[in-house]
Every structure is written in C-alpha cells, then in structure tokens.
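Asks: Could you build the full structure based on these sequences and the hints that come with them?
Going down the list, the protein sequences come from chains A and B.
For what it's worth, my numbering labels the leading residue of the first sequence as 1, then goes sequentially.
For what it's worth, my numbering labels the leading residue of the second sequence as 1, then goes sequentially.
These are calculated hints, taken from the structure and not from any lab test.
Every residue, glycine too, gets a C-beta built ideally from N, C-alpha and C.
One should not assume that every hint holds.
[To be verified] Straight-line Cα separation of at most 27 Å, BS3-like style, residue types lysine-lysine; simulated pairs: (1) 189(B) with 121(A); (2) 174(B) with 60(B); (3) 187(B) with 174(A); (4) 187(B) with 187(A).
[What the hints assert, rightly or not] Between beta-carbon pairs, the in silico distance windows are: (5) 161(A) with 73(B): 24 to 32 Å; (6) 156(A) with 64(B): 32 to 40 Å; (7) 66(A) with 170(B): 31 to 39 Å; (8) 98(A) with 159(B): 38 to 46 Å; (9) 99(A) with 73(B): 29 to 37 Å; (10) 128(B) with 125(A): 45 to 53 Å.
[What the hints assert, rightly or not] Derived list of chain B stretches under chain A, where covered just means 3 residues or more per stretch with a C-beta under 8 Å from a C-beta of chain A: (11) 44-57; (12) 64-78; (13) 174-183.
2 protein chains.
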Amino acid sequence: MPQGVPLTVPDDNLTTKQRRNRPLLMVNTGDGKGKSTAAFGMALRGWNQGFKVGVFQFVKSAKWRVGEQAVLERLGELHSQTGEGGPVEWHKMGSGWSWSRKAGTADDHAADAAAGWAEVKRRLAEQTHDFYVLDEFTYPISWGWVDVDDVVETFANRPGHQHVVVTGRRAHPKLVEAADLVTEMTKIKHPMDAGQKGQRGIEW
Amino acid sequence: MPQGVPLTVPDDNLTTKQRRNRPLLMVNTGDGKGKSTAAFGMALRGWNQGFKVGVFQFVKSAKWRVGEQAVLERLGELHSQTGEGGPVEWHKMGSGWSWSRKAGTADDHAADAAAGWAEVKRRLAEQTHDFYVLDEFTYPISWGWVDVDDVVETFANRPGHQHVVVTGRRAHPKLVEAADLVTEMTKIKHPMDAGQKGQRGIEW
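Replies: Now the structure itself:
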C-alpha cells in the first residue's frame with residue numbers, strides 16, 4: 001500500500017480536503033517515556049506552521065519540563081521579535097495558575113485542576129490557540145477532579161480548527177474513545193531499573 | 001517508592017554520580033507515532049543544556065520532518081548568534097549525504113546508508129556531538145545494509161559522554177539488548193484508519 005493512503009474512506013460526506021484538515025484530538029498514554037516529549041515535539045511542528053501554541057501542565061511535580069518550556073518560550077519570543085512561527089503560552093499549575101490573580105491555596109490540587117480545565121474550556125470556546133498541549137491531564141480526570149463527560153463533550157463541540165493533545169498514563173476509556181489518534185508508550189527497558197538516576201539534558 | 005529512586009543499585013563499582021552521568025543509548029521503536037517526534041523533543045532539551053546536537057536521517061522518504069528540521073536548525077542559528085543552547089547539525093540521506101562531495105548514486109540506498117553510518121562512526125570516535133539522533137536507523141540495520149554487530153560494538157565503545165537515540169520500527173534484538181532505554185510506541189488508534197490523510201502542523 002502506498003504511504004499515506006487511507007485503508008478505508010469513511011461515509012461522512014466530507015471531502016478529502018475537509019477530512020485532511022479536521023482538527024485532531026490526540027492522546028499519548030502508557031507507562032513508558034516520550035508521552036510529553038512527543039507532544040512538545042508536535043508543538044514545535046505547530047509553531048513552525050505559525051500555530052498559536054498553548055501548553056497547560058496539570059500536575060504539580062518536579063517534572064516541569066524546564067528544557068521544553070525554555071525552548072518553546074524562546075520560540076514564542078522569536079515570534080514576537082521576527083514574526084517567525086507562532087506565539088507560545090506555557091502555563092503550569094504551581095500554586096494556582098499564572099493567569100489567576102489569587103495566590104492559590106497551596107494544597108488544593110483538585111480545585112486548581114478544575115480551575116485549569118475551566119480556563120482551557122474558555123479558551124477552546126474563544127479559539128485562543130491552534131494547538132493545545134494538556135500535559136498530564138489524564139490524572140485529574142482519573143482522580144475525578146475534572147468530569148470526563150464534560151471533557152469529552154467540550155472536545156467534541158470545540159469550534160473552529162483547534163488541535164488538542166492530552167498526555168498521561170491510564171487515559172480514561174471515554175477519552176480514548178473520543179480521540180482521533182491514540183498512542184501508547186510502553187517501557188521496554190529503562191536505565192533506572194539498572195540503578196541510574198535522571199540526568200541533565202535527558203530527563204530535564 | 002519515592003520518584004526517581006532506583007529499584008536496585010548495580011554492582012558496577014560506579015558512584016551514583018558516575019552512573020547518573022553515564023551517556024545513554026536510547027531506542028524508540030514500535031509501530032505507533034511519536035518515535036522520531038520524541039527523539040527530536042529530547043534533542044530540544046539537549047540543545048537547551050548546550051549539547052552539540054547531530055541529527056542523521058537514514059531513510060529517503062517524504063517523511064522529512066521539515067518542521068523539526070526548520071526549528072532545530074533555527075535554534076542552531078540562534079546559538080551562533082547569541083550563544084544560547086548548543087550548535088545543531090542536521091544531515092539527511094537525500095542523493096548522498098550533505099557532507100559528501102559526490103552527488104551520490106541516486107539509487108544505491110544501501111551504499112548511502114553504509115556511508116552515513118561510516119560518518120557517524122567517525123564522529124563518535126572524534127566526539128563531534130553530545131547528542132545524536134539516528135532517525136530511522138533501525139531500517140538499514142534490518143535490511144543488512146549496516147552490520148548490527150559493528151553498530152553495537154561502536155556504541156559500546158564510544159568515548160566520552162555522547163548520548164545516542166535511534167528510532168524506527170522493528171529494532172534489532174541486539175540493539176535492544178545493548179540499549180539503556182527502550183520505548184515502544186504502539187498505535188491504539190489512528191485517524192488514517194478513519195480515512196484521514198496527513199495534515200500541516202500535525203504530520204509535518
């Protein structure tokens with residue numbers, strides 16, 4: 001089969017061009033590495049196409065992806081300076097979110113996650129970005145902090161042409177069902193199994 | 001178990017710091033998406049840490065990763081201009097390789113792949129880069145164009161502190177055995193199954 005030729009043509013009354021340009025909901029899940037890294041790699045491609053990129057990190061942890069953040073924010077700056085690529089916003093759930101005026105109640109992760117999702121919903125409605133990375137967003141769904149039906153319905157009805165990629169382990173079956181592209185990253189072998197720790201340039 | 005704590009401490013007479021800084025051989029394999037994208041995402045992190053990044057694309061195809069190439073080369077340029085990050089070289093096996101003076105014998109992919117590997121070997125010996133992406137390098141190994149024992153031995157004996165990531169389907173068992181970190185990307189669901197084609201900002 002020639003590369004890029006679909007296996008079947010769906011009965012959806014869309015032209016190939018319309019299908020080609022359908023905005024995608026993507027999920028990178030599984031216990032292996034590369035879920036977020038691949039999502040940020042896609043954001044890079046989007047930036048290069050002039051997409052407005054929005055990253056939302058939903059888990060407070062040491063895994064802040066400082067390298068990707070630094071580079072993507074630098075690319076966003078480059079866009080402001082030279083017009084190359086697209087603008088980039090990177091938001092993380094630290095003590096509250098950066099757009100929020102209140103300092104955040106240090107320990108109410110559930111409320112912070114819900115506030116993050118409410119903001120993403122607003123932005124989807126307003127078509128603020130072209131490419132959303134909802135990093136580790138599977139967890140607040142798993143933990144019941146964000147309602148999966150609301151998530152799936154919001155994604156299904158998002159206006160315009162907004163791509164969304166969700167990362168994290170154990171993606172909810174309803175999210176998998178709703179997604180266009182789902183990839184599972186599986187660990188075959190990991191250096192931490194052999195006593196190694198994370199290192200500069202590899203883990204961060 | 002606290003995050004980042006090894007399961008076992010190997011009996012290798014290395015200190016934790018030595019182990020932590022051991023250069024890694026990584027393989028992203030499997031039939032799913034994200035193998036190369038995750039590798040380029042790692043290259044991004046490496047760039048941010050000032051690593052000298054070298055990308056070598058081993059398969060002649062339409063999948064040229066133009067987005068990642070444009071952005072990584074732009075970052076390399078930024079390094080020349082401002083000193084940020086590290087230098088980036090991106091080589092692809094078109095009609096021969098960019099470093100080669102001869103135009104390349106348009107159809108001898110096997111010879112071109114072998115020439116590419118010979119160059120990577122030279123660079124590993126000379127410690128030209130800190131982070132190598134050998135994109136789709138599993139294929140010339142599978143096809144016997146590059147000797148897997150030579151590859152494994154070269155990686156095992158590479159001097160200094162050079163990270164290598166190899167991408168592609170069906171990684172050779174000897175390569176998997178030799179690697180420190182192996183991740184398999186599995187397709188759970190793909191829009192092409194539903195008749196969609198690749199699109200701007202997503203596939204390239």
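Asks: Each hint: holds or not?
Replies: The hints, checked one at a time:
{"no.": "1", "hint": "189(B) with 121(A)", "verdict": "holds, 25 Å"}
{"no.": "2", "hint": "174(B) with 60(B)", "verdict": "holds, 24 Å"}
{"no.": "3", "hint": "187(B) with 174(A)", "verdict": "holds, 17 Å"}
{"no.": "4", "hint": "187(B) with 187(A)", "verdict": "holds, 15 Å"}
{"no.": "5", "hint": "161(A) with 73(B): 24 to 32 Å", "verdict": "holds, 27 Å"}
{"no.": "6", "hint": "156(A) with 64(B): 32 to 40 Å", "verdict": "holds, 33 Å"}
{"no.": "7", "hint": "66(A) with 170(B): 31 to 39 Å", "verdict": "holds, 34 Å"}
{"no.": "8", "hint": "98(A) with 159(B): 38 to 46 Å", "verdict": "holds, 44 Å"}
{"no.": "9", "hint": "99(A) with 73(B): 29 to 37 Å", "verdict": "holds, 33 Å"}
{"no.": "10", "hint": "128(B) with 125(A): 45 to 53 Å", "verdict": "holds, 50 Å"}
{"no.": "11", "hint": "44-57", "verdict": "holds (count 7)"}
{"no.": "12", "hint": "64-78", "verdict": "holds (count 8)"}
{"no.": "13", "hint": "174-183", "verdict": "holds (count 6)"}
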